[in-house]
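Hey, can you work out the whole structure from these sequences and the hints?
Residues per chain, in single letters:
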Amino acid sequence: MLLSTGSNPEGHGKNAAPGPRDEPLLVADGIAKSFNGVPALRDGRLVLKRGTVHALCGGNGAGKSTFLNIVMGLLHRDEGSIRIDGMAVDFRSAADALRHGVTIITQELSPVPEMTVAENIYLGREPKIGGLVVDFPKMRQAAKRLLDDLEFDVPVGARMRDLSLAQIQLVEIAKALSHRADIVIMDEPTSAIGEHEVHILFNALKRIKARGSAIIYVSHKLTEIFEIADEYTVFRDGRFIESGAISSIDRNHLVTQIVGHEVKTVEKGKPNEGAPILLEVRSLSRGSHFKNISVTVAAGEVLGIYGLLGSGRTEFLETIYGIHAPTAGDVFLDGARVDPGNPKKCIQRGMAMVPEDRKDTGLVLCASIAHNIALSSLALRAVSGFVRRKAEAAATDRMMRLHRIKAASPNVPVETLSGGNQQKVVFARCLLTNPRLLICDEPTRGIDEGSKQEIYAFLREFAAKGNGVLVVSSEAPEILQISDRIAVFRQGRLDHVVDGHETTQQMLTDLAS
Amino acid sequence: MVANAISNVATGARSKSIAAVGPYLKSFSIVIVFVVISAFFAVANEYFMTWLNWVNLLRQSSINGVLAIGVTFVILTKGIDLSVGSVMALAGMIAASLVTSTNQHFVLWAIVAGLGTGAALGLLNGVIVTAFNVPPFVATLGMLSMARGLTLIFSDGRPVPNLSESFRWIGGGSVAGVPVPVLILFLVFAIGWVVLSYTTFGRYVYAVGGNDKAAKTSGISTRTVIASTYVISGLLAGLAGLVLTSRTTAALPQAGIGYELDAIAAVVIGGTSLAGGRGSLVGTLFGALIIGTINNGMDLMGVSSYYQQLLKGAIIVVAVMLDQFRK
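Residue numbers (this note's numbering), protein chains in the order written: chain A, 1 to 513; chain B, 514 to 840.
None of these hints come from the bench; they were simulated from the model. Every residue, glycine too, gets a C-beta built ideally from N, C-alpha and C. Any given hint might turn out to be false.
Partial chain B-side listing against chain A, Cβ under 7 Å, derived [as the list claims (entries may be wrong)]: (1) Thr730; (2) Ser731; (3) Arg760; (4) Pro766.
To list a few chain A residues with every Cβ distance to chain B over 10 Å, as calculated [claimed, not checked]: (5) Glu23; (6) Ser34; (7) Pro113; (8) Lys128; (9) Asp148; (10) Asp149; (11) Ala176; (12) Glu188; (13) Asp237; (14) Leu308; (15) Arg445; (16) Gly450; (17) Lys465; (18) Thr509; (19) Leu511.
If you anchor each label on the Cβ, the simulated ranges turn out as follows [claimed, not checked]: (20) B/Val548 - A/Arg180: 53 to 61 Å; (21) A/Phe386 - B/Val625: 21 to 29 Å; (22) B/Val548 - A/Leu165: 44 to 52 Å; (23) B/Met814 - A/Asp135: 53 to 61 Å; (24) B/Leu787 - A/Leu309: 31 to 39 Å; (25) B/Leu787 - A/Ser110: 15 to 23 Å; (26) A/Leu165 - B/Val625: 51 to 59 Å; (27) B/Val830 - A/Ala95: 25 to 33 Å.
Shown next as structure tokens:
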């Protein structure tokens, strides 16, 4: 294997410079945990060195979350040992872990919307005058210094509800870092932020490790791992697989270790010349979100939409699908105009949508797999309002097998499934209405590499049957891998439509920014 | 076997933990609470376990049961209906005014008028909630006051007595030894259960309550579904108003005050989540029976009504605490 030294110029060598002591900051060994007799983690191991970013990699169900929850004191381990600075520790709560210099930044944001940025950062530990009155000027100063140090461009006096999602995420990160922790755990910190913020965050991470702290970094975005991490550890099926310096491996090796076997990347077929137009969007506008967009999707085509967060891409998809009404313009499917602002009619006409946030808009989490899969198509199979249970069970079964949804039974609530399986449930629901146009907004967000490739293969296959796919993604490699043509959105406008076979990642990011 | 499992999930009794057995456990636990309370009263008072007393107990529970079934639909969509007590008073009053000795109409018209009044007020609740985005708590709190005001205006604050015999049959009659209100309760329960478990509408109610955005993305007209649940709640409040008026043999302007609280208590004891999307009518039915049993049992034991209030409140809170603890 070739050593891709170029990918990580200031990687391992420089940062291996020892901290105060040579010994690792954290050593976890033989960690095991079972739930109701089912092992979630069999042998979790991690050696974290000072001044490094350590990527913890693994598919869904690999045991990463269980492992991190144990390190954080949120779960109690069945077996194994954890030592920090050589001292055996056994945290009983997150507060306990925090006292020992371990902090976590999760994907779940928890801002208090009516409070200011400064108040959120110092919530529950406000500086006080005489132990009673909150010292607001001091708090603002401290917050400002913190944000300035991290180079996060967020006004300390602003209320959280007025901030963008990316800014809220930065505030949460700043809040965690304000604890001056030695060990910072980051679980998918970039899932809600754009490329610009990712860049700011990575600069901050470099400063944090320079001061001798260490970061455990979890992300499904491998590009990020190769950009920021110094070392890596792979878990698979609850076991430690391997670890090492990231500069000594390449992307393929990492994917193979995570998935457990070689992953074939999906090949695109040749675009079908002269295929009929399936979807035509004419001069579609919606307020300040996007203006005057015209685009087509031919039968058999995958049209990718690439653009940064806030470029209007999500609103565009949602408007086509009828969740919002456009302020101007029309949508045509198979040459006939689609009634605006009505998802029900869009589904009847042959559209289906996989929304961006499966927990927020994609799934009824407390309902069963079967009920979620059947939700969009219940009326199709119903007889005078009564659900046909046998037909429903058969359809659900077929979809679960087709999409390889792994679950004990169709009747378990979807909230118990992994992210990848949840996303497959969303796909299954969409397909049961027999759509001709599938609209996907970030279809692989937060799911593992193996499941991603399955979804890519599925989308290509779906298009190859003469259907159309409209897919938004903020990951350039993903959009390049699956799209026949790529529409590049920038600030609510469609600037370029480029060929998906000839464009490079660099060209794409240049066009979008 | 599989169909059986699906139908059990469909009743909506879902549990977060062990999904496969959860539904059984959950429906089961409310039955256990009911049996334990009944056993206690059976030991404490020998009259409690007689057939006559149980007929009485069921009749006493029927009005609250019918109200609670309607309110279950609303709560499943993450809403609340505080207006059912007042709506039943107005519906009963309007129906009664059509069957007095001085203004005698065919009893069917009185029934239609009562049910129509309930459904209309429910529709108004639904429209205010869905079309004008008024929080259900506020919309139905307003209706609680408005419907009571209308009842007082309509009756001039006076009872409407001397109702026709055929109307009095609704609350006082019986078929083969079973009181008509009890038959009404079981009929309403059966229809409601079929609607929630076997129809697309029932499925939509759960979906909208579980995640309204996902329901909308799935092509469900969420507003229509939500508004419909308020119509159902209003309609059943109207029905309960007919039964109450008929049983008291006069329409009272102050009838049904506080009934919404017992109805909501029955729903909550029955395990339906106020956060929407989870719950079942089986739970609600037993919730209403538990409240009825507590009232009936304490009456038999001669507990003063002051202490009854205190104990009933405590039992409601403890029942839900146990439920949370079990999760």
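We went through each hint and held it up to the structure:
1. Hint status for B/Thr730 relative to chain A: holds, with the closest Cβ pair at about 5 Å, below 7 Å.
2. Checking B/Ser731 against chain A: minimum C-beta separation of about 4 Å stays under 7 Å; hint holds.
3. Violation of the interface hint for B/Arg760 is found here, the shortest Cβ-Cβ separation to chain A being roughly 34 Å, above the 7 Å cut-off.
4. At a threshold of 7 Å, the smallest CB-CB gap from B/Pro766 to chain A is about 39 Å, leaving the interface hint violated.
5. Residue-level check passed: A/Glu23 sits 42 Å from the nearest beta carbon of chain B, beyond 10 Å.
6. The beta carbon of A/Ser34 is kept farther than 10 Å from every beta carbon of chain B, the shortest such distance being approximately 15 Å.
7. Every CB of chain B is more than 10 Å from the CB of A/Pro113 (nearest about 17 Å), matching its label as outside the interface.
8. The beta carbon of A/Lys128 sits about 35 Å from the closest Cβ of chain B, which is more than 10 Å, so the claim that it is off the interface holds.
9. Separation of A/Asp148 from chain B is adequate, the least Cβ-Cβ distance of about 37 Å exceeding the 10 Å criterion.
10. The claim that A/Asp149 is not at the interface with chain B holds, since no C-beta of that chain comes within 10 Å of its own (minimum 38 Å).
11. Remark: the non-interface label on A/Ala176 is consistent with the geometry, its nearest Cβ contact in chain B lying 28 Å away (cut-off 10 Å).
12. No beta-carbon of chain B comes within 10 Å of the beta-carbon of A/Glu188; the shortest separation is about 21 Å.
13. Distance check for A/Asp237 against chain B: the nearest CB is about 22 Å away, which clears 10 Å, and the non-interface claim stands.
14. With 10 Å as the threshold on Cβ separation, the claim that A/Leu308 sits away from chain B holds: the shortest Cβ distance comes to roughly 24 Å.
15. Once the 10 Å rule is applied to beta carbons, A/Arg445 is consistent with being away from chain B; the minimum gap is 16 Å.
16. Distance check on A/Gly450: its Cβ is at least 24 Å (rounded) from any Cβ of chain B, clearing the 10 Å threshold; non-interface status holds.
17. A/Lys465, annotated as away from the interface, keeps every beta carbon of chain B farther than 10 Å; the closest lies near 22 Å.
18. For A/Thr509, the non-interface assignment is confirmed: its Cβ lies about 30 Å from the closest Cβ of chain B, beyond the 10 Å cut-off.
19. No Cβ of chain B approaches the Cβ of A/Leu511 within 10 Å, the least distance being about 30 Å, so the stated non-interface status holds.
20. Evaluation of the 53 to 61 Å hint for B/Val548 and A/Arg180 yields a pass: the beta carbon distance comes to about 57 Å.
21. For the hinted restraint 21 to 29 Å between A/Phe386 and B/Val625, the CB-CB distance of approximately 26 Å keeps it satisfied.
22. For the hinted restraint 44 to 52 Å between B/Val548 and A/Leu165, the CB-CB distance of approximately 51 Å keeps it satisfied.
23. Against the hinted window of 53 to 61 Å, the Cβ-Cβ separation of B/Met814 and A/Asp135 comes to about 60 Å, which satisfies the hint.
24. Between B/Leu787 and A/Leu309 the beta carbon distance is about 35 Å. The supplied range of 31 to 39 Å therefore holds.
25. Against the hinted window of 15 to 23 Å, the Cβ-Cβ separation of B/Leu787 and A/Ser110 comes to about 22 Å, which satisfies the hint.
26. A hinted range of 51 to 59 Å for the beta carbons of A/Leu165 and B/Val625 is consistent with their spacing of about 53 Å.
27. Between B/Val830 and A/Ala95 the beta carbons are some 30 Å apart, a value that agrees with the proposed interval 25 to 33 Å.
The structure does not agree with the numbered hints 3, 4 stated previously, though it agrees with the rest.
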